[in-house]
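These two chains come separately, so use the hints to put the complex back together.
Here are the chains, one letter per residue:
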Amino acid sequence: MKKAFSLFIVIIVLLNNNLLAQDAGGIKISGSFEKVSLVNFFQQLATQCSCIFLYDEKQLDSITVSLVVQNEALQDVVEKALKNTDLQFSFDHQNRVFITKGIKVITKLPDGFFTTQNRKDVVEMDSLVDYGLDVKKARSITSENKLYEIGTKNNTPKDGAILTGYIRNAKTGEPLVNTSVFIDNNHYTLTDAYGYYSLTVPPGQHSLNILALGMKDTRLQVAVYSDGKLDIDVLEQVTTLKEVIVSSRKTINVNRVQMGVEKLNIESIKRMPSLFGEADLLRVITSLPGIKTVGEASTGFNVRGGSADQNLILFNDATIFNPSHFFGMFSAFNPEIVKEVELYKGSIPARFGGRLASVLDISSRDGNSKNFTGSAGIGFITTRINVEGPIAKDRTSFIFGGRTTYANWLLGLLPNEYKNSRASFQDVNLGITHRFDSTNNIYFSGYLSNDRFALNSDTTYGYTNRNLTLKWKKRFNSRLSGVFIAGVDEYQYRVISDSNVVNAFKLNFDIRQLHSKVDFVYYKNQQHTFDFGVSTQLYKLNPGSFKPFSNESLVIPDVVDAEQALESGLYFTHRYTPNNQLSISTGVRYSLYNYLGKQDVNYYAPGMPHTEANLVETKSFTKGKFINNYKAPEVRFSARYAFTPSFSIKAGYNTQRQYLHMLSNTTAIAPTDIWKLSDPNIKPQMGDQISLGFYKNLKSNTIETSVEVYYKRINNYLDYKPGASLILNHDIEREVINTDGKAYGVEVLLKKPGGKLNGWISYTYSRILLQSNDPDLGVLVNNGDFYPANYDKPHDVTFTGNFRVNHRFSVSLNSTYSTGRPITYPIGRYYYAGAERVLYSDRNANRIPDYYRTDLSMNIDGNHKVNQKTHNSWTIGVYNMLGRRNPYSVYFISEGSRVKGYKLSIFGSAIPFINFNIRF
Amino acid sequence: MIRFNVLLCCIVVMVLSSCREEFDPPIKSSADNFLVVEGVLNVAGPTTIRITRSFRLEDSARLRGERNAKVSVEGKDNTAQLLSMTGDGYYTTPGLNLVLNNEYRLRIQTSNGKEYLSDYVVARQTPPIDSIGWDKNEDGVQIYVNTSDPANNTRYYKWDFDETWEINSYYQSLYKYQNGVVSPRTAAEDVYICWKNAVNTSIKIGTSTRLQSDVISKAPLVFTLNGNDKFSVRYSIMVRQYALDKKAYEFYELMKTNTESLGTIFDPQPTEITGNIHCVTDITEPVIGYITASTISEKRIFITRSQLQGWDFNQYCESVLVANHPDSIELYFANGGLEPYGSDELPIGIITGYFSSFPPCVDCVKRGGTTVRPPFW
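Protein chains in written order, with the working numbering: chain A, 1 to 920; chain B, 1 to 377.
This is chain B alone, in the form it adopts within the complex (with noise of 0.2 Å):
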């Protein structure tokens, strides 16, 4: 919560004359392969862990998700509980059924023959969330969570949370064009409306050691510039919140100035990570990933465009009429780029020819979203 970001007051004198480029070093990195342990034992719910490996500076291979493992999770009661694979690297069961402040750990043995165990960690309470809130100024809007243990008992926390939000298009499309015939959309093919998601990507803690009882007041989760289409309609934030340890909050503190905020003149140094996780056959080989366990509580607000006054979200879109004529239709719809999404009729009902746009002001799928209507919307 203090950050002692005198650096920020560096970019300032920067930004006069400084520059940032894009920089790829000729590094050849030695190591790789390093196994990646991600996730929370739920205590109540759903737990899912996501096993990855690390991979080369230079490669361009995407994510491996690491496969046919054997993960566990295993109580100092004796317990041992058994998670599936579902899908790449990802490891999942619907139910763990921890027993709070009970202390539990995850044991892994890959298909290489490898084995890894995590430290001990307590099942942890997780209070609830107070309230999610949103400041706006004339950039933009922030969104923050606020939350308290009356019990004064958690003190470190961490979010993440999803983002939905619905787009509408500038033209409610009639028509499509497909295969050099123009005609009519059906309902189910209806791309007016549509739904675009986000997850976060930072890591977000908090922490109110600092303060007399256990409050976290306005803790920032996204900052949305004025103008995004997040607003354009309605938009709606999910945010999970998780109890953590001092321990655990250092480490994502760590990992956060490590690949967040670094490389401006007060920042620290780089350095090395080490979670929780350890590798029982090789002692020497580094594992990354902090595990923990705990109840998760969830929030979910909805912000509609009309709440946030000023709100500067415009698509500039023109309309163009083309002739109802096949070398018009293949010139503009085949070729030049637009789409058709309302007719201009005759009242004896020929079609003289069609009102058509730029694709994102016509087709919300194309401007990324995906008209599958979210459960909670």
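Isolated chain A, as found in the complex (with noise of 0.2 Å):
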């Protein structure tokens, strides 16, 4: 290597002599070599074509050439000797050859070099190209076979410089997030969301390595003197007959400092077998250990025994209320716009707040900056299509996805009382991507899911969310980086019912969230980084309006006052790698709640059931006047020892608080849940945990296996009176009880991330029991005992495997098992208006019969030709197999003037689905 390096120099040297000579290349050459050296034959060559051959005689060695030739090209004749050597050879003008070993010598400069406009920068340093940190335009770098120099050579400092830069995508101009950027494990990092990485090295030559799935393997030859700036430019990764599988992130689960957190590429959710073939991102996610489908029929889930309104739903930064379509059935998010999910569940990092149980993060993919491409696909129920492509090449990117129903065939099958149901969505997606120069990016996400169904033709229902977001991504210097966020999210629903013109009526729901904030990343060196921002966010809720639908209506129009409040935010995060070893993340979050006027508050007796009796007193509280806050710091910590470069444990504690309570009574997420705002008979939900977890790589880090455990408290989480009335009411603290609650688990997983056969089996062990032991409480729910929560399902064994036949076909296979969920069950039967009636006691004291499910499906690929115009795919598989008839819920009714039990299944046999895309 050294050598190569010096040989280099000499021919920087040479390279000054500017003579001209005809093309060595071109010179044509006759003769029959049998078994000579190497070196032997470079001088038979020379004498040929008077040109000079340079080289290290050590190199050339013990090698041989074999070899007859008639009049051809000097340039296919060096071909062809060193055809199965790892020598490289170039010619320059002077008619020199150099053979070198693996890196090729460059006799060129870059095309374009000198039209640069940093020319003088460059021609002063001693160098080929310089990438230091005052050049604005950082260059695009492809070239495995260039020395980049990084900095200047005058002020290298002591303990390391910084490399940043984006990694992105050399077709497309995506920036490739989490990446491996390494020079070997001690100088290791990652990209973030946007492809930037920040890197310290120490000064010297290094080979830079990119690592990147689905990306060519890539390997720069750097030589850092100070701090600097690469973009890297990576090609993509075509799949040749002979398969090299890049892994990324073979060690990430071992090295990364949080834990529990789970992320998904959209490949792998796009791989899981799907009801009605829909790839669907929350159901995948409900596969992964800790996490919990609500019901089969439901995307709502639950995560470390929160509740379905205790996770924080973030599609590139925008807060989505109902992430469900078709009551529930899907996802509202477009397979084809999601780059990545991740989910935290364990140690939330403390620049988000405001939910209990978990933040799911959704990033959607940046716009091909190159040329546009779309895709197209057609399933049982959705049609979809996006289109992406550059605005201003290299500069402006913008990404559209929109998909649409036609549901309403699968209406038309139900019997006649449903022969006027309808039922549709819609869902779009635009992201705009812009660089105003490589420390500048903008990006604005915008995003619109609608959903309508009506029955019989009497009342419609709909929801909607609408998000924008905009988000300015700055570069201060080589250390600090930050993201300035604002935007405004917003959900509501609607309900109108037309049918008898006495009581027609139309009834709205929504809220709508402002939010702001500022998140700062400042990497000191490798030892230290840290996180630091603000947020905040307006909320204002309209609990419910009830209105007369025409003037003949009787309705009496009934507005539950709008509430407002202001959540903000302070966090700061130290994260600490003194070695390789150990790493630390310590994390304070300060939130501060006001609940703001214009309101009128009712205040109660202390000490007594929120009751009519009990109150005091109604004030009212003029606009924008501060009614009551709540304010408290969030404690975010985690650490990790690795004792091995595969072996690890990592621990940490965290604590959350939740202003914004969904108000529910039934399982699932419904569109007709309201929502409330903490007030000052409501208080905020708290929660803290405490985890450990052991994380261990076999083979090689090709198996990745874990053990976690956890033990979580919530305070304050709202459960309901029994038979509470939720709609458009006005005193709803007088239906709330305050519930406290623990939750306990195990989670195991063993995962294959790679290989032929890949995929994860996980079990979870959990709990999650609640108590109602507040005094403010007339009747105690069980007594005061504990009781399991609505979604307590203590086991839990998920299989998820892919097998590739080969690279146009694969199949998966998904199982899973789970404990019944809670359920209460009737103590005894009575006669009561003319019939037979079950009476009920102990909330969720016994559980509906276990859940087992398994789906199969098959992915087809078209052809791979790298220049076809399309490429298309097809995905073919059975949900539910077996075609069990898992109970969705077990309930008991008076029919005619006997009670029945019934057994209630939602998919009650094998469901098959196709499903056709085309990528162009």
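For the record, the hints were derived by calculation from the structure and aren't laboratory data.
Keep in mind it's a predicted model, so treat the numbers as computed, not measured.
Quick reminder that beta carbons are idealized off the backbone N, C-alpha and C, glycines included.
Here are the in silico distance ranges between beta carbons for each label pair:
| id | chain 1 | residue 1 | chain 2 | residue 2 | range |
| --- | --- | --- | --- | --- | --- |
| 1 | A | Lys623 | B | Glu103 | 42 to 52 Å |
| 2 | A | Val501 | B | Phe23 | 37 to 47 Å |
| 3 | A | Val616 | B | Asp282 | 29 to 39 Å |
| 4 | B | Glu285 | A | Pro606 | 27 to 37 Å |
| 5 | A | Pro606 | B | Val99 | 35 to 45 Å |
Structure below.
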């Protein structure tokens, strides 16, 4: 290596002689060589072509050449001779041939080199190419054969220079997220959500490695003197017959400080068999350990004993309140747009706040900045199309995706009573990315999802999510970068009934949230990194307005007063990595919540149940007036100790607060659930969690195993009183109960991320127990004893496997088992109002039968020819292959004059599906 | 009135492939024998209070009435009136003569020495029923009730009803087969015309709290699928209306959600139910029931088949001629499941055979009817 470098320097010197000569490569050679040594061979050639061969004799040592050529170009002859060696050759203008081992000598400056405006800087420095900090426009690197010099020689820092930049896909210009950038095990980093990396590098010459999934394994030669910038374009891995699988995250699970983080890219989501063949990221999420689905027909999920509303669902930093379509059958995220999904269930970073259980961070792709491309798909339920391309090449790009349904045919299969039913949904995504220069990027994201359904043309339900976000990412210098985010999130639902003129009404609910935040990352050096920032959001909530539908309607308009609140957060995190083994992340988030006027607030006698009888006074507050405040620091701590590169232990402790509550006495997220802000009567929910995890990678990191345990406490969780009426209730505090909870569990994961056979097996044991011990409450649920929450499912086993038969055909199998969810069973029967009825008592004391399901799907790709205009693929499969009738619920109703028990299964048979996709 | 029954939609999807199976989970119920009290203190007119006991889920035993209890109605005005046991768990009085807007409560002393007391309830005036109507579409007939209170005072309503309808046999039977002998029927034995009865078995409540005026429009009572024998001849429904207060309405609503609409995705979870009756001697003992006091408004309507165009009621009957021979008679009437209704006679009066058909075609009692004419018919 050293030798090659000195040779390189010599060549540069030689380059200064600007002699002109004919191109040596064109000279014709004839001759027959039988087992001659290379040195000898070159000497013979030199006589024919009057050219000079430059080489290191030691490198050519034992190599012999056997060749017969007749009037062939010199270039071809040399190429043939070196065919089976690792030797490289190149010609220059002076009939010199450079023979080198491994690295090819570049005899020409890059095209356009001398037209660059920064020429002066470059020439001043003793290097071929400079990527110092003062170069505003970092150039993109694609060639592996150059040596890249970083910074200036004279101010080399002792403790290493910082190398920063973006890693992008050379073909599409898309940033590559979670790409490993490293020199060796000690100098290792990953790119962030914008493809940005920052790596401490000791001064000197190194090979910089870039490993990204699906991209070509890239290795660059860098000579680092001081801090510098290097943007790198990486080529896509074109699948060849002999494939090399690049595994960029081989040790990521062991090395990451955070625990309880699940990451999925869209490719693995699409591979999994899905209901009706619609790739559904929320359903895939629920196959991971510690995450449970609310029910089969629902995309709501519970994380480590949290209720469905304790998950913060972010789509490009916008909060999505109802992430589902079609009564909850499908998630409202277009798989063609989504790039990656990250779920934090253990240590939630301090930059997130406002929910107790988890953060689901979904990011969409950036548009292709080089070419217009797109894809379209047809399935049983939706048609989808997405288009992306440059607006200004390499600077501005867009991505647009839309889905719509034609699910009405499903309803057409129903019995006559439903013949007038309709259902439809759409979602639309638009993303625009603009690069001002290498330090300033702007991202715009818009999201709209809309659902409408009606049954028997009587009552129409609809709900809509609308989100706009603008992000500006700025690199101040190589150590400090920041993201400025502002946006508006909106969710609303409406119910319209117009069949009976007298009662015709429309009911509206909406919640709007204006948010802004600033996140900074300060990268001091390999040991210390600081994250800090502030955020604030203004909530405006209309808890319900009930109005006559037409003039003839006798309905009295009833509007529950709008609620306003301001939630702000300030956070600081210190990530400390003293050495390879230990890494500690300490974070504090201070959250401040203000409940704002205009509002009339009820005050009750202290220590008494919230009932009309105990009402002391109702105070009116004017607009913008602070009614009451809640504030507290939240702790986010996690640490990792790696005993060996493939084994580590992690521990974490964090506390959370939640000021926005969903009130629901149903199990699933229903379109008519209402949200409520904390006020003087409804305290914020609080939770803390302690967790410990063991991570071990086996078989040279091809198999990942982990065991995580956690214990969690929840305070002020809102449960409802028996028979509570939540809609249009002006005094909702009278209907809810403060409940405390505890959750604990063990999560075991065995994962094989790559290879012909890949997938995971997870097992979770978890409990979530609630206790109503509020002294302000009249009647305690289950006498104040702990009782399991509706979604308490202790045992859960999931297998997800994918077997790639060849490059065009793969088979996926998904299998899941879980304990049945708790249910309140009757304890007796009685007669009342002409019928036998059932008597219920202890809440959730029994369970419905266990759940078991297996799905199968086959993915068939068209051919993989690179230059083909379109690529297509098919997905064929069966959901619930065994046709098992998994009970969704068990219930008892009075029919005629008898009580009958029923078991309801939502998918009572095997459901086949087929899906067609085309990419252009 | 507003039912946020999103679940219906889920049912939609469910029907596709879902299924509902009867299911008897292995439950060992612990609690039984709670007192169940049902009834309305009728301001003017007869009052019936029914007292029963709850029983275990797995018990095959039928309903047990509470016997020999001492039941009385007490007013805040220090009146007390006793009800007497008239049946298995039924306690009645021909008239309480309560004063409107006064408060009353029910006291029960059971034979096992326990005492139960209801909260005081206001004796309310129930407005008259405005009308009972019906809508017919190709699926069937929906009967509904309209009511209103010009004073805007009632707001919460409960209804119950009795249905009575006439049915006719396909063949008028002039003969009967009894003890191996075919003989002519007397007029008293006629089984051509019968009446059937049904009482409502689900809770029917309604409220106008969200409307400007106290109007209930088309509150559904009962839906009958096309082809049912209810409208094969003539049908009558008697609807009784009761004014409720808010708490009573909430009690019935909870009982309804608990026992009539559960199990689908967005349905609420079942919960405990508490009424307004408490055990005085053991305050932890649950008691089921809610006592209200009001006048009762009644209304009856009749619907004849000719009012319902295209009512699809059909009986499929065929006639078999059975030779008048003891062997044939025994073969067909004793063992063959047929009943005679007419005779095939030679002009000289000799019966050569009996026309016969299946019992439901001949005898309306076999279709669950009674030949006793209702007093109002």
